[in-house]
Structures are given as C-alpha cells and as structure tokens.
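Enquirer: Read off the chains here:
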Amino acid sequence: MSRVPAARVAPAPSAVTPLRRRGFIRTYLTPKQAIPGRARLILAIGSFVFVIGVWWVLAVLVQNPLFVPSPYQVVLTWWDMMVNLGFYNDVGWSTFRIVAGFLLAAAAAVPLGLLMGSFEAVRSFFNPPINAIRYMPASAFIPLLILLQGLGEDEKITIIWIGVFFQLVLMVMDIAHRVPDEMLNVAYTLGASRWTVFYKVFLPATFPEVVDALRITMGWAWTYLIVAELVAAEHGIGSFILIAERYLRADRIIAAIITIGILGLITDTLFAIAHRLAFPYVEKVRA
Amino acid sequence: MSEIEITDVAMRFRSRHGEVTALERISLTVPDGQFACIVGPSGCGKSTLLMVAAGLITPTEGEVLVNGKPNFEPGADRGMVFQSYSLYPWLSVRRNIEFGPEIKKVPAADRRKTSDELIHLMKLDGFADAYPKVLSGGMKQRAAIARALAGDPEVLLMDEPFGALDAQTRQIMQELLTDIWQRYRKTVLFVTHDIEEAIFLGDVIYVMTSRPGRIRTTLAVDIPRPRTFDTLTGPRFAELRNQVVGVIHEESLKAVESELARA
Ligand SMILES: Nc1ncnc2c1ncn2[C@@H]1O[C@H](COP(=O)(O)OP(=O)(O)OP(=O)(O)O)[C@@H](O)[C@H]1O
Ligand SMILES: [Mg+2]
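Sequence lines, in order, name chains Z and E.
First residue of the first sequence? That's 26 in the working numbering, and the numbers climb one at a time after it.
First residue of the second sequence? That's 76 in the working numbering, and the numbers climb one at a time after it.
Counterexamples of contact, computed for chain E against chain Z with all Cβ distances above 10 Å:
| id | residue |
| --- | --- |
| 1 | Glu136 |
| 2 | Gly213 |
| 3 | Gly309 |
| 4 | Val331 |
Computed beta-carbon distance windows for the label pairs:
| id | chain 1 | residue 1 | chain 2 | residue 2 | range |
| --- | --- | --- | --- | --- | --- |
| 5 | E | Arg187 | Z | Arg203 | 28 to 38 Å |
| 6 | Z | Ala165 | E | Arg187 | 51 to 61 Å |
| 7 | Z | Arg203 | E | Asp241 | 25 to 35 Å |
DSS-like cross-link-like pairs, simulated, lysine-lysine; straight-line CA separation at most 25 Å:
| id | chain 1 | residue 1 | chain 2 | residue 2 |
| --- | --- | --- | --- | --- |
| 8 | E | Lys198 | E | Lys188 |
| 9 | Z | Lys225 | E | Lys208 |
| 10 | Z | Lys225 | E | Lys180 |
| 11 | E | Lys208 | E | Lys198 |
| 12 | Z | Lys225 | E | Lys179 |
| 13 | E | Lys144 | E | Lys179 |
| 14 | E | Lys179 | E | Lys261 |
| 15 | E | Lys261 | E | Lys180 |
| 16 | Z | Lys57 | E | Lys208 |
| 17 | Z | Lys225 | E | Lys188 |
| 18 | E | Lys261 | E | Lys188 |
| 19 | E | Lys198 | E | Lys261 |
| 20 | E | Lys144 | E | Lys261 |
Hints were generated in silico from the structure; no laboratory data involved.
Backbone N, C-alpha and C define an ideal beta-carbon position, used for all residues, glycine too.
Please build the complete structure, drawing on both the sequences and the hints.
Expert: So, in structure tokens, the structure goes:
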C-alpha cells in the first residue's frame with residue numbers, strides 16, 4: 026500500500042521527541058515525555074552493561090567460581106556446552122515442544138475465543154469451565170499427565186497446551202468482545218449479511234490484538250515447558266539444567282537460563298516485526 | 076421515490092431497575108428528498124430512534140416503512156453515519172468508501188469511479204490510499220459520509236455526525252453537507268443536539284421531549300436554499316433559534332428534575 030506524504034502528520038504526542046533543548050529536568054523528569062533517541066539507546070545499552078558489571082563484581086568478591094562464575098566463564102561454558110555436550114540438541118528439542126504445544130493451543134484458542142467473544146450463547150456455554158480451569162496451575166497437571174501419557178513428547182506438549190490455551194482463549198474472547206458495535210452496524214447498513222460482517226469486519230478488527238495476545242502467551246509457554254522438563258525429560262533445556270545441578274555446575278545452569286532468555290527475546294522480536302509488517306495501519310504500536 | 080415512515084414506534088428496555096421507556100409512540104415521515112433533523116435533550120432516545128429506523132434494533136411496538144414496505148432488517152437502503160466515524164482502520168480511505176459497492180459486487184471499474192468522485196467531493200484528494208489513522212477528525216467524518224453515500228442508500232441516517240468536531244470544523248462540515256445534499260437530494264434523517272446545526276441543515280425540525288422520548292414540536296424551516304454562512308446571521312434564523320431554544324430548555328429542565336426526583 027503506497028503512503029502519501031501527509032501520512033507523516035504528528036503521531037501520539039508522547040512519541041514525539043522534542044527537537045529543542047529543554048534542560049535536563051524538563052526532558053527527563055516530566056512524566057510520559059519522550060526522550061531523545063540517542064539517550065534511549067544509551068540507556069538500553071547501559072542497563073546491560075550495568076547488570077553484567079554487577080554480576081562481575083559479585084563474582085570477583087565471592088571468589089568461588091563453583092557458585093558464582095564470572096560472565097566470561099559462562100560464555101566459555103556456553104561454547105563448551107554447544108561444542109562438546111550437544112546442548113544445541115536440547116535447544117532443538119525444547120524449541121520443537123514449544124512450537125508444537127503453542128501452535129496446537131493457538132489453533133484451538135483463537136477460533137474458540139473469537140466465537141465466545143461474538144456469540145453470547147457460545148460464551149455462556151464455555152466461559153464457566155474455562156474460567157475455573159484457568160486458576161488451576163498448569164504445572165500441577167504434570168504428575169497427572171505423566172500417569173496418563175507417560176514421559177514422552179505428548180506429555181510436554183499437553184502441559185504447554187494447558188498453560189497457553191486457557192489463558193489465550195479468554196484473552197481472545199475479550200478482544201473479540203471489545204470490537205465496537207458501530208463498526209458492525211455500519212456494515213449492516215451498507216448491505217452486508219451476517220456472514221459478510223463476520224469475516225470482513227469482525228475478524229480483521231480483532232487480528233492485531235490477537236497477534237499481541239499470541240506474543241504475550243508465547244512467553245508463558247517457555248515457563249511451562251521448562252517446568253515440565255525439570256520434572257522429567259530425557260532431552261531439553263530443562264533436563265540439561267537438572268543434570269547440571271547434580272554435577273554442581275552453576276555456570277552451565279546460568280548459561281542455559283540465558284539461552285532461554287535469548288530464545289524468548291528472538292521470538293518476541295519476530296512477533297513484533299511481524300506485527301509491524303502485517304498491521305501497518307495500527308495507531309499505537311505497543312513497545 | 077425514497078421515503079421513510081416511522082409509525083407508532085415505542086421502545087422499552089428491560090434493565091436492572093425495571094423497564095425503561097426510551098421511546099413512546101413516535102410517528103414521523105420523511106418524504107423523498109427531505110432533510111429532517113431531530114433535536115432533543117440528552118438521553119431522550121434520539122440514537123435509539125435512529126437505530127430503530129436503520130433496522131439495527133427492533134422496536135417494541137410499531138414499525139418502520141421504507142417506500143411503504145415494513146422493514147425490520149438493516150440493509151443498504153438505509154445508510155448510517157455515526158458520531159464515532161467507525162472507519163475500518165485496516166482499509167485505505169478508498170477501500171473504506173468502496174466497502175458498500177464491494178459487498179454489492181459492483182465491478183471494480185465502476186467502484187473506482189464512485190470512489191474517485193466522492194473522494195474529490197469530500198475534499199479527500201491525495202488521501203485515497205492513506206489509512207484512517209492519519210486523518211483528522213473532520214476528514215475521518217468526511218470519509219465516513221462518503222462511504223455511506225457510496226452505498227447509494229434510499230435514506231441517509233446520521234447520528235450526531237459532527238458532535239465530536241470543533242466549532243470551526245463543524246461549520247465547514249455543515250456547509251459541505253448542504254452542498255452534497257443539494258447535489259444528491261438524498262432523504263436524510265439527522266440527529267443533533269446542536270440547534271443551530273438543525274436549523275442550518277434541515278427542512279424540518281422535530282423537537283423531542285425528555286425521556287420517554289416523544290415528538291413535542293415540529294417546525295418547518297422556511298429559510299430558502301442554498302444556505303450559506305450568511306444564513307446564520309439572518310433574522311429568520313434568530314427567530315427560529317429562539318423558538319427551538321425555548322422548547323428545548325423547558326424539556327432539559329424537565330429531564331434534570333425527573334432525574335433528581337428519581338435519585
Ligand atoms: N440497550 C439499552 N438498554 C437499556 N437502556 C437503554 C439501551 N439503549 C438505550 N437505553 C436508554 O434509552 C434512553 C435513550 O438513549 P439514547 O442513547 O437513544 O439517547 P440519546 O437521545 O441518543 O442521548 P444522547 O443525546 O446522549 O446521545 C437512555 O435513557 C438510555 O439509558
Ligand atoms: Mg445519542
């Protein structure tokens with residue numbers, strides 16, 4: 026879609042970076058005021074440097090690489106894990122489980138949530154049980170699922186499915202429910218049938234927020250997976266962590282945890298980019 | 076011929092505090108090509124009446140006739156414009172305007188002709204391919220009106236379309252709307268709480284009572300057309316305004332008093 030030059034009119038006020046110097050206090054200590062782009066970058070990098078710095082200082086002070094390895098040591102360990110311990114294999118298994126569990130959960134939760142948000146009959150039927158199950162922690166199901174399904178992949182995937190589905194379905198329902206009536210009503214008065222209103226107005230109206238919801242629940246999926254793998258698994262990042270603990274290898278545990286963080290960051294960034302590409306018309310982009 | 080007739084419409088809602096009567100036996104007819112305005116105090120049921128007219132809600136009693144035929148379903152014969160614009164954010168201005176024709180499976184070339192014409196008339200040139208998010212409030216509402224006109228309705232229903240705009244933009248929009256109306260001669264039912272707007276735009280003004288909504292007075296606006304900015308300063312305009320202001324003020328007082336009595 027081509028953009029006209031006028032598309033560059035002012036966005037939401039808080040996103041505007043003032044071009045004129047206004048003094049430190051006015052620039053940085055006014056609530057909801059944008060700060061210069063360079064300052065934003067410096068702060069972002071600074072936070073990483075700070076965290077790693079504190080960690081390093083701590084490692085030097087404690088002087089016990091068994092419990093508090095230095096960042097440098099962890100990097101070396103990570104490399105060693107990849108080259109000599111086949112850690113990439115565990116990463117692969119975990120990623121596979123996440124993707125499979127998440128896709129299966131989304132494939133069920135998104136359609137059902139949309140239906141629940143648009144039809145009161147569907148909502149009245151499904152809402153009570155889903156709402157109740159949502160408060161049962163997914164990790165509490167692990168022993169039961171091990172009894173029912175054993176220790177295979179299906180057990181891990183089911184845990185993720187339980188953890189994601191019940192949250193996601195309610196989020197999607199809420200999104201669908203918030204589509205303004207007037208958007209639908211306008212379509213009716215332009216001659217649209219119920220079905221046309223559903224797929225030409227209602228569905229597209231929900232898409233951007235549904236992708237937001239997927240992005241949020243994806244983060245939770247990692248938590249459930251690692252818990253499942255910690256309890257019992259042959260491969261996977263969680264089981265790798267468990268073995269490292271038996272051998273008192275704090276450095277390996279830390280390296281594994283950081284790997285999860287990086288994987289999470291990558292998926293999150295991918296979601297954010299996909300969102301921006303797919304929905305260029307959305308007014309406010311969430312950070 | 077496109078005429079809308081509302082006969083003995085009553086609308087009651089059930090709420091927690093019992094039944095609320097929003098409308099009580101309303102009858103009015105907007106003949107072909109007439110611009111009818113409805114004014115009334117806040118909460119008197121203007122929006123409800125328009126929703127009933129559009130077929131979006133079914134009245135408890137009475138019926139709505141379009142060209143003499145009762146019609147309880149919404150359709151392209153009654154186009155609607157809301158205060159909140161309600162443009163589809165995922166469609167460009169042009170695709171928004173072509174939404175109605177697209178549903179009716181109008182060939183692409185004809186659709187394009189319609190949208191080109193309306194984009195020009197509504198002074199949206201250069202914004203055809205822009206998303207609604209970059210438009211100002213006035214432009215959004217012009218696009219929404221263009222979308223309703225592109226659907227080629229028999230009757231155009233407008234619910235406080237300029238209510239969210241500032242006074243200057245509103246004035247410009249009113250002038251634009253009279254021009255457009257002169258050109259297309261649609262039958263229009265226009266709800267507003269702005270008395271001057273009603274006089275400036277309307278052939279006839281229905282003044283509603285506070286809840287339950289009934290039609291209290293009907294006034295013919297005998298100011299000749301085309302009306303321009305100068306119309307606003309004419310003596311007849313002032314006379315009519317004073318007349319309507321008096322009635323509305325009485326009704327608004329009643330509304331406040333009945334609210335106090337209930338509290
Ligand atoms: N779905 C509903 N359920 C219950 N009461 C309703 C419903 N819709 C409208 N009402 C009531 O009907 C009355 C008329 O509402 P309506 O929105 O039509 O008024 P209005 O004249 O358009 O007001 P405003 O000038 O504020 O737009 C109000 O008292 C409102 O509370
Ligand atoms: Mg209203």
